[in-house]
Amino acid sequence: MEPELFGGNAIFLSIAIFIILCIFLGVRIVPQSEKHVVERFGRLRSVLGPGINFVVPFLDRVPHKISILERQLPNASQDAITADNVLVKVETSVFYRITEPEKTVYRIRDVDAAIATTVAGIVRSEIGKLELDQVQSNRAQLIERVREQVRMMVDDWGVEVTRAEILDVNLDDATRAAMLQQLNAERARRAQVTEAEGKKRAVELAADADLYAAEQAAKAKRITADAEAYATGVIATAITANGLEAAQYQIAMKQVEALAQVAVGEGKQTILLPANALEAFSDAFKLVRGKS
Numbered sequence: 000m001e002p003e004l005f006g007g008n009a010i011f012l013s014i015a016i017f018i019i020l021c022i023f024l025g026v027r028i029v030p031q032s033e034k035h036v037v038e039r040f041g042r043l044r045s046v047l048g049p050g051i052n053f054v055v056p057f058l059d060r061v062p063h064k065i066s067i068l069e070r071q072l073p074n075a076s077q078d079a080i081t082a083d084n085v086l087v088k089v090e091t092s093v094f095y096r097i098t099e100p101e102k103t104v105y106r107i108r109d110v111d112a113a114i115a116t117t118v119a120g121i122v123r124s125e126i127g128k129l130e131l132d133q134v135q136s137n138r139a140q141l142i143e144r145v146r147e148q149v150r151m152m153v154d155d156w157g158v159e160v161t162r163a164e165i166l167d168v169n170l171d172d173a174t175r176a177a178m179l180q181q182l183n184a185e186r187a188r189r190a191q192v193t194e195a196e197g198k199k200r201a202v203e204l205a206a207d208a209d210l211y212a213a214e215q216a217a218k219a220k221r222i223t224a225d226a227e228a229y230a231t232g233v234i235a236t237a238i239t240a241n242g243l244e245a246a247q248y249q250i251a252m253k254q255v256e257a258l259a260q261v262a263v264g265e266g267k268q269t270i271l272l273p274a275n276a277l278e279a280f281s282d283a284f285k286l287v288r289g290k291s
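With numbering that gives the first Met the number 0, letter number 139 in the sequence shown gets 138, and the count goes up by one each step, no holes.
Misleading hints may appear alongside valid ones.
[Unchecked claim] No more than 25 Å apart at the CA atoms, straight line, and that leaves these computed lysine to any residue pairs for SDA-like:
{"no.": "1", "residue 1": "128", "residue 2": "140"}
{"no.": "2", "residue 1": "128", "residue 2": "83"}
{"no.": "3", "residue 1": "64", "residue 2": "14"}
{"no.": "4", "residue 1": "198", "residue 2": "212"}
{"no.": "5", "residue 1": "102", "residue 2": "43"}
FYI, nobody ran anything at the bench for these hints, they're computed from the structure.
Whenever a hint applies, use it, and build me the whole structure from the sequences.
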C-alpha cells in the first residue's frame, strides 16, 4: 500500500508541477517599453504588446524582445560634393524608433548600420543637387527633404524616423578663404552702392528744393501781377468814371513819390531837380483842391 500511495502522490505531484510549468511558460508579461516576437516551429506566430499575454507552452517561444523606445544613432560625418563642385563635410544626426518589430527582425540584420548608410547616401544625393550658397541658405528645406526620403526608405524595415538633422556643413581651408574673400568683396560693393544711392538721393532732394523755390517765386510773381492788374483795373474804372482828371492825379502823385525817394539819403548831398518838378507839386494840389 505504501509504494502504491507514494507512486500515486508522485504522479499527482508531477501533474501539478507540469501544470505550474505550463502556466509559467504560457503567461508572458511584456513591459511597456518592449514588444516580443513569438515564433512557433521557427515561423512568426504573433507580436506581443505590453501587458499580460498568453502563448502555447513548449510550442511557442520568444526569441526576440524589441525595445520600442526612441533611439539615436551616433553622429555621422560624410563627404559630399555640391553642384558647383565644392567639397563639404556634412555632420548628421538621426533619431528613430521601431514600430513593427516583425519587419525589423526578419527583413534587416543591422538596422542601425542600414539607417546610417541610407542617410549618408540621401544626404550626398540632395547636396549634389544644390550649389554651396543654396546649401547654406536653404538648410531647413534640405533637412526636410532628407527626412522625408529617409522615412520612405526605412518604411519596409518597420522603423519610424522621428528626426533627421544636418548639424553642420564644414568647408576646407581653401574654400573657406575664398568664401571670406568673396564676402568681403560683396560687402565693399554694397557699401559703394549705398554711398552712390545716398549721393543720388542728395541730388534729387537738392533738385526738389530748387524746383520748390522756383514754384514759390512764380507764385509770388503771379500774386504781384494779380495785385498790379487789380490796381490797374481800379485806376481804369476811376478814369472811366472821372475822366482825364483822375489820370492826371495819379501821374502827379507818382511824380511826388519819385521826388520823395530822390530826397532820401544820408549826409550832405546836392539834388538836381527837373524844371517841371515844382509844377508836379502844384498840379497835385490843384487836382486835390478841385476834387474837394
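Checklist entry - When the hints from earlier in the document are held up against this structure, which numbers fail? => result Violated hint (a single one): 3; every other hint is consistent with the structure.
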